[in-house]
Structure formats: structure tokens, C-alpha cells
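Engineer: Between the sequences and the hints, there should be enough to build the whole structure, so can you do that?
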Amino acid sequence: MAWLHTWSGLVVGWLLLAIFMTGTASYYRSEITAWMHPEIRPSAPISEAASLKQAMDWLEQCAPDAASWLIDLPTTRLPVTQVMWQGAGERRYNSEWLDPASAQTLTPRKTFGGDFFYGFHFQLSLPSQIGRWIVGVASMAMLIAIVSGVIIHRRIFKDFFTFRPGKGQRSWLDAHNTLSVLALPFHAVITYTGLITLMFMYIPWGVDLVYGPDRAAFFRDIRDFSAPQVPALGRAVLASPETLIQQARQHWGQEHIARVSITAPGAVNARVELFRDTLDHVSSQPQRLVLDGVGGEWVGTNPSTGPVKAFYGVMYGLHLAHFADPLLRVLLFLSGLGGCAMIATGLQLWVVKRRGNSRRGVYRHIEGLNIAAMLGLPTAMAAFLWANRLLPGDMPARDIREIQAFFCTWLLTLLHAQMRLTQHAWREQAMLCALTCGGLPVLDILTGPNPINGLNLVCGLLGMSFAVVAWRLYQPAQQCIPQTRAPGSRPPRSERHS
Amino acid sequence: MVRHGRPQLSVRYRLGVFSRILAAVIGGYAVTALFTACLAIGLPLVVLQPRAETVLAATLPAFLILCLAAIWVFAARSARRAWLGLLAAMLLLGGVYGWLSAVSLPGDA
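Those protein sequences? They're chains X and R, same order as listed.
Counting in my numbering, the first sequence runs from 46 upward without gaps.
Counting in my numbering, the second sequence runs from 952 upward without gaps.
Take these hints with a grain of salt, some might be off.
Listed below are the simulated SDA-like cross-link pairs for lysine to any residue, each with C-alpha atoms no more than 25 Å apart in a straight line [claimed, not checked]:
| # | chain 1 | residue 1 | chain 2 | residue 2 |
| --- | --- | --- | --- | --- |
| 1 | X | K155 | X | N498 |
| 2 | X | K398 | R | V962 |
| 3 | X | K155 | X | E76 |
| 4 | X | K398 | R | F969 |
| 5 | X | K155 | X | R304 |
| 6 | X | K398 | R | G967 |
| 7 | X | K398 | X | R215 |
| 8 | X | K398 | R | I1022 |
| 9 | X | K398 | R | R965 |
| 10 | X | K398 | X | G383 |
| 11 | X | K98 | X | V335 |
| 12 | X | K98 | X | V313 |
| 13 | X | K155 | X | R86 |
| 14 | X | K398 | R | A1026 |
| 15 | X | K98 | X | E84 |
| 16 | X | K398 | R | V968 |
| 17 | X | K398 | R | S961 |
| 18 | X | K398 | X | H469 |
| 19 | X | K398 | R | R971 |
| 20 | X | K98 | X | T152 |
| 21 | X | K398 | R | L966 |
| 22 | X | K155 | X | C453 |
| 23 | X | K155 | X | P83 |
In short, the hints are calculated from the structure, not lab data.
Structural biologist: Written out as C-alpha cells, the structure is:
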């Protein structure tokens, strides 16, 4: 059992670290997107009534004949109004951003923003089937590692309070145990719910047996899709934004609309759907109001939800964490960092335990991979943000260049970690990571509109943490340096679990 | 490769590990698929619920089943026993599936 934990953890450890790190960053997907669009100006407090009116006026003027409109209202996390429209028979939506204060069209630089980390988190920038299967296998191994980790851990309560720093392998083991136990509920839930988000791809048998070839019918049943496109019949005046807002207030109270979908705008059979924000419920199932598009009368709400579907919605919602208010979001982010640290200490424990004092051979290269995963990846993520500000705004395919900056940086850190002596690679990459992360707030102050934002704060703190790590690694011959252990201090094999 | 203070691991041992990994991945997945299939056609015989509920109730436990199967494979005393246990589970679930699909006539679900 112990070696199941060790091996299932190591084989996919590097992959999991990348999945965890980009997933943790994705808790701030909107904030990262906002940071990467410095064209967005911080605006006065946003009112849903004013934003909705601006968006509907804009669409009335610029896309009056569209088959459907979709409006995402601004939030404090991403203060832009997103208007989308779809021509008759078209599949793709056109999209524009409006400044909620002036209702002017914004022309932001081309970038994937926080969506890049989010997509990488479950698809690794690979073709979707391949990427998602790899992530699924890694997540399954993680779930097995967590469950078997609990089983092999007989002294779970005692080890929670045990930390013996500066003792080489034992310190790595203690750190790994403490981090794992501290946030165990988080690790278990985030891994299981992550698998849940893609489960019909991994385990298609249930859908296939019950629905046969008509998979689309199943997805219509579990995800309350918007009203299907219908041909517009006869012209009529669309219900005013005030009417829609009034309906929302009557059912939900003030300021709860997140999205408005309007099909066949300007037709007799126009239909409006209001989607409620997700701040006060965990489930990812949307809560909505369906209104008549001309008179604005209430037509319906969600179809009723069975208990299993409700459970599924909560599991899915727990993973996405759209419900989290700022404080809870910070706690989830910290738990995510704890998960990264758990995987990192586990990987390092694997190497330290096997290589003894030798810094040659295969273990040196495995440790190099550890360095590139633990320090190279955050450096590459920071490089992605650096590229966002340093590349010229009108550069062709600049959104792709940002991603190339990410992968090139990561590749370089990998090569560096393989070529340099291990202890030099640790120090230099910790220093580099501190500089790239810690430099981001400075870069934002020089090039951005609003230097007071959470992302700068987090990057600054991360930069300082990496600086402390680098400083300690530069201290000569201290026990805290991961690769030093006095000869002969190897604990007997039977002392602890492997 | 020299291991410090450890005996060399035999080829037999390594083959055993490889066999267990295969058992966990292929056998574990087969058991999970059969378990899901049994629930998917068995649940409508027991509870009256919308089709989507049946699918969700059948699929949600799948990862826990796969997890338990993998833990069994590596906890078993030998690779042989691990495979035997999985084959027993597959035979049992396969039998249940056959019986269920005979009981639930077309159009019944």
C-alpha cells in the first residue's frame, strides 16, 4: 500500500503540480483577465439597471437584426459589460466589451487572459480529447494517492503537530504530512469534484445505456441551456430594460442579474432569460427567470431539479467556486497553494530518500525535473504576464506570442535545471522566480491604469516568499538546503512509512 | 543503477508490479464500467425517476469504485490474487448485468 502511494504520486506528480498550480491561479481567472487588459479603467460603482440599459441600447443600434443577444453584466472582479450577438443560422457569437461608465466600445489588446491558465488546468494546451484524458488519469492517480495516503498514515493526528526542520529527509516527510493533513478535506474534494466535471467523457457507459445514441438529449436534460433559436415572427417593440429589472427585483431583490439572454429581439415571439449571479448558492446549476420579450411578463423559472442532479450541481459548483466571496476565495487560494506544496514536498521526498548523498546519475535529473516543476512553472506563469505588457499592442497574433513566452520560459528553466549542478539550479531558479513574480507589481505601476489591485499584492507576496527561499538556499552549508544531509544520518528503513 | 543500502529488486518482483499496474488500469476500469452499467439499467427497476437522474446516480460513484479497485490490486498479497479478485468482481457484475438486461424489457426503462 505504501508503495502504491509513492509510485502513483511520483509518476504523475509533475503533471499534478502543473494542474494544481494553474488551477489555483484560476481562482482569480477574472482578476487575471482584468489585469491583462489595462485598457479597462476602474469605474464608478456599477448599477445593473444602467449597465443593462447601455448594453441593450448598444445592441439595438449595432445588431438589431441578430437572432439572439447575450449580455454579461459587469462585476467588481471584471468591470466590463460584455455584449454578444449571433446572426440567424450562425453558430458563433460576435463579442464586444463596453466600458460600463461611458458605454463606449473598448478595444483591448488581444490576449487569452486568465482563460489560458484555466484551459491549461484541464487540457494542458493539448487537443481537447488527449489533454483531458491525461488530466483525468493524473487526477484519478491523485485520488488514489489521497485515499491510500490516509490508509498508510497511521499516526495522522500526531503527525499533524510534528515538524522537525533542518533534518533533511525527515523534514521533507513532516512537511509533506502536515500539508497533506491540514487541507485533506480540500484535497479530497477538489480532486473528486474535478473528475466529476468531465465524468461523462471518462465514464460514458451510463449515458450510453440510458440515452442510446442521443447524447445531446442527456446534456439538454442536465444543463439548462438557453432557449433554442427560433425564427422571428412579426415585429414588435422589445420590453424595456426597466421592465426586466423590475421583474428581477420582484423575484430576486436588488443587483442579482449576471447575464441576460434575449432570443429573437424585436419580434413578437421574443424571449428574455435572466440568469442570477452565483454569489449565494453553491450549485453550478443556473437559476433563471424566463420572461416574455414584449410585455416582460413572467413565463417560467428553472425546471424542477431532482436530488441527484442537485447533488451533481453542488459537486460541480464546489469545483468552480463561483460562489466564493473575497475572503473564502483567499482561503481556497491558500488551500490550493497548500496542495501545490503537498505535491512539491512529496516529489522532493521521493528524490531525497533515494539519492542519499550522491548528486549524480538519474536522481540528479529527476531532481532537475522537480526544480522545473516547482520553480520553473511559476516563473513561466509570471513570464506570461510579463509578455502581456511588454509585447506591442498591435503585434500580429500577440495572444499566441504570450503563450509562446510561457512555454519557452518553462522549457529554458527545464534545460537550466538539467545542465546546472543541482544546488546551483535551486538557488538560481528561486532567485529568478522571486524576480519575475516580485517584478510584476513594478511592471504594473509603470504600465497599468490602476496599481492598487489584488493581483499585484499576491505577486508581490509570492515574490517575497521566493526571495526568502532563495536567500536561505544561498546560505552556505545549512541544514535547510534540501540536498544536504550529514553522511550516516540516514534513518533506518523501518522507522517510518516509505 | 546502485541503490544505497537496498537489495536489488528481482525481475520477478518488477514483473509483478507491472502486472498490478495493468490490473489496476484495465481491470479497475472494466469493473467500474460494469458497475456503472449495472446501476444504469438496474436503478429504473427500483426507483421511478427521470432518465437524467439515473445516469447521474450511476456515474457519480464511478471514481470511488475505480479507487477501491486500485487499492485492492495493490493491497492484495500477490499480483495473481489481485487479478483473481478483479476477475471475480467482473464475473459477478457481468452476471448481474446479464440478469438485469433480461429483466428490464425494452421500453421498460
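Engineer: Failing hints, ascending?
Structural biologist: none
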